[in-house]
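Each protein sequence line maps, in turn, to chains F and C.
Numbered by full-length UniProt numbering, the letters in the first sequence go through residues 1 to 554 in order.
Numbered by full-length UniProt numbering, the letters in the second sequence go through residues 1 to 296 in order.
None of these hints come from the bench; they were simulated from the model.
Remember, it's a predicted structure, so these values are computed and weren't measured experimentally.
Any given hint might turn out to be false.
[Unchecked claim] What the simulated footprint calls covered on chain F by chain C, stretch by stretch (three residues with Cβ under 8 Å from a Cβ of chain C suffice, anywhere in the stretch; the number is not a length): (1) 45-58; (2) 357-368.
[As the list claims (entries may be wrong)] Examples of chain F residues toward chain C, derived with CB under 7 Å: (3) Pro35; (4) Ser39; (5) Thr73; (6) Gly74; (7) Thr76; (8) Gly87; (9) Pro91; (10) Thr242; (11) Ile283; (12) Ala284; (13) Ser287; (14) Ser408.
Yeah, the Cβ is synthetic: ideal placement off N, Cα and C, and Gly gets one too.
The primary structure of each chain is shown beneath.
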Amino acid sequence: MRKKRIVSYLFVIALVIVLATGCSKEKSNAKDGGPKEFSAFFAVPGSEINDDNVIQKVIAEKTGVTVKEVWLTGQTAEEAVGTFIAGGEYPDLIDGGNGSKQLYEAGALVALDDYIDKYPNIKAFFTEQQWDALKQDDGKIYWIPQFSNIKGEEKTCTHNGEAFWIQTRVLKWADYPTVRTMDQYFDLIEAYYAANPTMPDGTENIPYTILCDDWRYFCLENAPQFLDGYPNDGACIVDPVTLEVIDYNTTDTAIAYFKKLNEEYKKGIVDPESFTQTYDEYIAKVSTGRVLGMIDQWWDFAYTAGEAIKQAGLDEIGCEYVPLPITISEDIENQWHCSGEELNVASGIAITTDCDDIEAALSFIDALLTQEIHDLRFWGIEGENYFVDDKGEYRRTQEMRDKGTDTSYKAAHTCTYSYFPQYNGTSDDGINANKPEGQGSEFYDGLSDNLKETLAAYDAETYIDMIGVSEPPGPWYPVWSFAGTLTTGTEGGFANTKITEIKHEYLPRVVMAKNFDTAWDEYMNVYEAANPEAFINELQVEVLRRVEEAKKFQ
Amino acid sequence: MINLKKTSTADMLFRTFNGLFMISFVVITLYPIINTLAISLNDGTDALRGGIYLFPRRFSLKNYITVLQKQNLITGAYITVSRTVLGTLLSVVSNAILAFIVSRKGFLLKKQLSIFWVVTMYVNGGLIPTFLLYKGLGLTNSFGVYVIPGMLSAFNMLVIRTYMNGIPDSLEESAQLDGAGYTTIFLRIIAPLCTPVFATIALFVAVGQWNSWFDAMLFNRMSHDLTTLQYELMKLLSSVTNQSTSIESMKNNSGSVTPTSVRAAATMITMLPIICVYPFLQRYFVTGLTLGGVKE
Chain F
1 MRKKRIVSYL
11 FVIALVIVLA
21 TGCSKEKSNA
31 KDGGPKEFSA
41 FFAVPGSEIN
51 DDNVIQKVIA
61 EKTGVTVKEV
71 WLTGQTAEEA
81 VGTFIAGGEY
91 PDLIDGGNGS
101 KQLYEAGALV
111 ALDDYIDKYP
121 NIKAFFTEQQ
131 WDALKQDDGK
141 IYWIPQFSNI
151 KGEEKTCTHN
161 GEAFWIQTRV
171 LKWADYPTVR
181 TMDQYFDLIE
191 AYYAANPTMP
201 DGTENIPYTI
211 LCDDWRYFCL
221 ENAPQFLDGY
231 PNDGACIVDP
241 VTLEVIDYNT
251 TDTAIAYFKK
261 LNEEYKKGIV
271 DPESFTQTYD
281 EYIAKVSTGR
291 VLGMIDQWWD
301 FAYTAGEAIK
311 QAGLDEIGCE
321 YVPLPITISE
331 DIENQWHCSG
341 EELNVASGIA
351 ITTDCDDIEA
361 ALSFIDALLT
371 QEIHDLRFWG
381 IEGENYFVDD
391 KGEYRRTQEM
401 RDKGTDTSYK
411 AAHTCTYSYF
421 PQYNGTSDDG
431 INANKPEGQG
441 SEFYDGLSDN
451 LKETLAAYDA
461 ETYIDMIGVS
471 EPPGPWYPVW
481 SFAGTLTTGT
491 EGGFANTKIT
501 EIKHEYLPRV
511 VMAKNFDTAW
521 DEYMNVYEAA
531 NPEAFINELQ
541 VEVLRRVEEA
551 KKFQ
Chain C
1 MINLKKTSTA
11 DMLFRTFNGL
21 FMISFVVITL
31 YPIINTLAIS
41 LNDGTDALRG
51 GIYLFPRRFS
61 LKNYITVLQK
71 QNLITGAYIT
81 VSRTVLGTLL
91 SVVSNAILAF
101 IVSRKGFLLK
111 KQLSIFWVVT
121 MYVNGGLIPT
131 FLLYKGLGLT
141 NSFGVYVIPG
151 MLSAFNMLVI
161 RTYMNGIPDS
171 LEESAQLDGA
181 GYTTIFLRII
191 APLCTPVFAT
201 IALFVAVGQW
211 NSWFDAMLFN
221 RMSHDLTTLQ
231 YELMKLLSSV
241 TNQSTSIESM
251 KNNSGSVTPT
261 SVRAAATMIT
271 MLPIICVYPF
281 LQRYFVTGLT
291 LGGVKE
């Protein structure tokens, strides 16, 4: 009896081993004659493309290449890159994100300089000056940033960045007033809240909330630069005339801004949960439609909370948000929305030394940039995902639009190769946007009546019309692409880390303080002790360097 | 009720409080599961608004469809089942053999070796050295990495050893008198008596194997046919979670499933098999786990 049992255990073990190993060996010889398969790793979370993806197959027929994409899971970018480097084995293509520099330093990447000229679409992807900006300290180019590249005329309908947002019902209630300053903004919210303390269903409105969770505390801290009429350099203000780098944390505007928040907090306008809520809680709160206004970046709430508001039918009572062109005083021109491209030189798609066919990989990237394949990637298949009207404009029916947001349909059908180089702006035909979200008609058709009414009241058709557009201020823009690469290895980088910690700790205190002035003084004392000059000085050097670099191309 | 008079007031009080305590305990343990189930059966975007407690507000099977439609799920499930079965078997067998050796009175180096193994419970090489070691051993990009490194665990081995120490020596001695060798003693005498502890360890290892995803990510990231169920679910979760600072990845994530709802659905799917197995192994727990409690 017992012997039989042991024998049967062994049999099960043997069976499982055979099955497991048998299955792992299938892959290696399956790829005869079919398209060449490259592996790619992207150090950001993302969605996988199904193996039987329809558009991936079409692209594979045209280019002879498929790419198996692997995304970041359960680690930080640096950790993931670290394990690749430790193992010494790399995928064919990689975007190391924050770990790109590590990959370069480990010698894992192939220098692209000798190749770029052979591929016209890749070559045309950047100007000489931009390619130059991508050079590492050995003078060679290792990665191609994939985003923020505009072909032809810029086509944008939403303001993707930061703004003071307000619900359309508040504006409608006040008969669409002109709101230009922070004081007017809060006055309006106060007045609406006094007249309408609750939602139609009886739950209480939240007049103003501040997201302050971890890295997302930009919603609290970096408004002073916008209020002074500067664009989003992220780390500092740069005077466009003198090129002087100014610390926006200590300006008079910063004091006025935090003082205002402090006053509003005391009046009960600022949500008392502001500094303790997590991102999830914040999204849940905004999703209920109870929050009248806040500062945030569009992408941080619109794709989640914005969808929830629409789905719950709260758009009908005006719970959707529009941005307002707010500055500290009326005479200042706002630059919340800066047009054009922000080249982020810190990371991009790179080819590793393990890739056995660099030419094929590059010609694949080159092919992805042709208009035909670009349309396949972002619009899909004609007749299936979009149709062309008599003016040659790409349109979608509601059914096609719905498909575009269905996760399982997307996994099986759309293949944007989302972390490969891509264009915004206008298609080669001069009519259409390169991506559906840039298509004006598409955008306007998808708006709710309330939003259309609000936009019309301000003589606007898009979100951008609400706050206006400004040109990029100069070749240093944006400074955050440099500040983000600083490590604690330098004095300025160390100061930056410290400042960040201090701001996390003291800004909520300042806003909630009984006596604003003493709290502010206390904050400033600690702040000054952290040596912010070292950080500002390093930014100053970089700004001047970028300006010098740019002169070569004038 | 008939015996009511016979029970003292103290007894009554104890029973009442015991009952109340148990009921509240059951509520505390059950509520998270019911809540997760409710969220997983609710429309994702709607769930964002919060306020779902016991019942879904807007019923939808979309979360489950999204999770179950994931293409590598079948491969993942296959590998996970294989590694759970194989890993558990190998682990129990090898830990049992080792424990048997160490529990023998006459074994020369048992003290020194035990200390040696205990050290591994507290000290390990860290992530990168472990990675390099496995790579050097050829375990990366292979199925072996799931079962081989986990075969021996000092803790599990010690639990089994302690249990074996509790078995009277006379049993072994009388078997020896009847002419049994060590193999026979182990297989015929000791092992059958150790079923409870084996079952306990098996459950430990099986749950660990079933839930494991980190090794799949670390060592087999680029091998899609060696993915595990939990790793696939983890990937799905991080693809819908907006962890990244990047605008582009936020754009990719719109749709009617949300991190909250997918997390709930994935939790329910993962929990199910363990819940099914647990009642059958639970009874062994009572006798199975004795670590340093009983001395001869």
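(request) Mind checking the CB of Thr73 of chain F against every CB in chain C and telling me if the closest is under 7 Å? (result) The hint holds - Thr73 of chain F has a Cβ within 7 Å of chain C, the shortest such distance being about 5 Å.
(message) Given a cut of 7 Å on the nearest C-beta pair, is the interface hint for Pro91 of chain F held or broken against chain C?
(response) holds (6 Å)
(request) Grab the minimum C-beta distance from Ser39 of chain F to chain C and call the hint holds if it beats 7 Å, violated otherwise. (result) Nearest chain C Cβ about 6 Å off; hint holds.
(request) Go through the hint on Thr76 of chain F and say holds or violated, using the shortest Cβ distance to chain C against 7 Å. (result) violated (9 Å)
(message) Is the coverage entry for the stretch 45-58 of chain F by chain C consistent with the three-residue Cβ rule at 8 Å?
(response) holds (count 7)
(request) Could you check if Gly74 of chain F really has its C-beta closer than 7 Å to a C-beta on chain C? (result) With Cβ-Cβ at 6 Å, under 7 Å, it holds.
(message) Using the nearest Cβ pair, does Thr242 of chain F come within less than 7 Å of chain C?
(response) Interface hint status for Thr242 of chain F: violated (31 Å vs cutoff 7 Å).
(message) Hint Pro35 of chain F vs chain C: min CB-CB distance below 7 Å?
(response) At 16 Å from the nearest chain C Cβ, Pro35 of chain F fails the 7 Å test, so the hint is violated.
(message) Given a cut of 7 Å on the nearest C-beta pair, is the interface hint for Ser408 of chain F held or broken against chain C?
(response) Holds, because the Cβ-Cβ distance from Ser408 of chain F to chain C comes to roughly 5 Å (cut-off 7 Å).
(message) Hint Ile283 of chain F vs chain C: min CB-CB distance below 7 Å?
(response) Status holds, d = 6 Å.
(message) For the restraint on Gly87 of chain F, tell me whether the closest CB of chain C is nearer than 7 Å.
(response) holds (5 Å)
(message) Min Cβ distance, Ala284 of chain F to chain C: is it shorter than 7 Å?
(response) holds (4 Å)
Violated hints, in rising order: 2, 3, 7, 10; the structure is consistent with all others.
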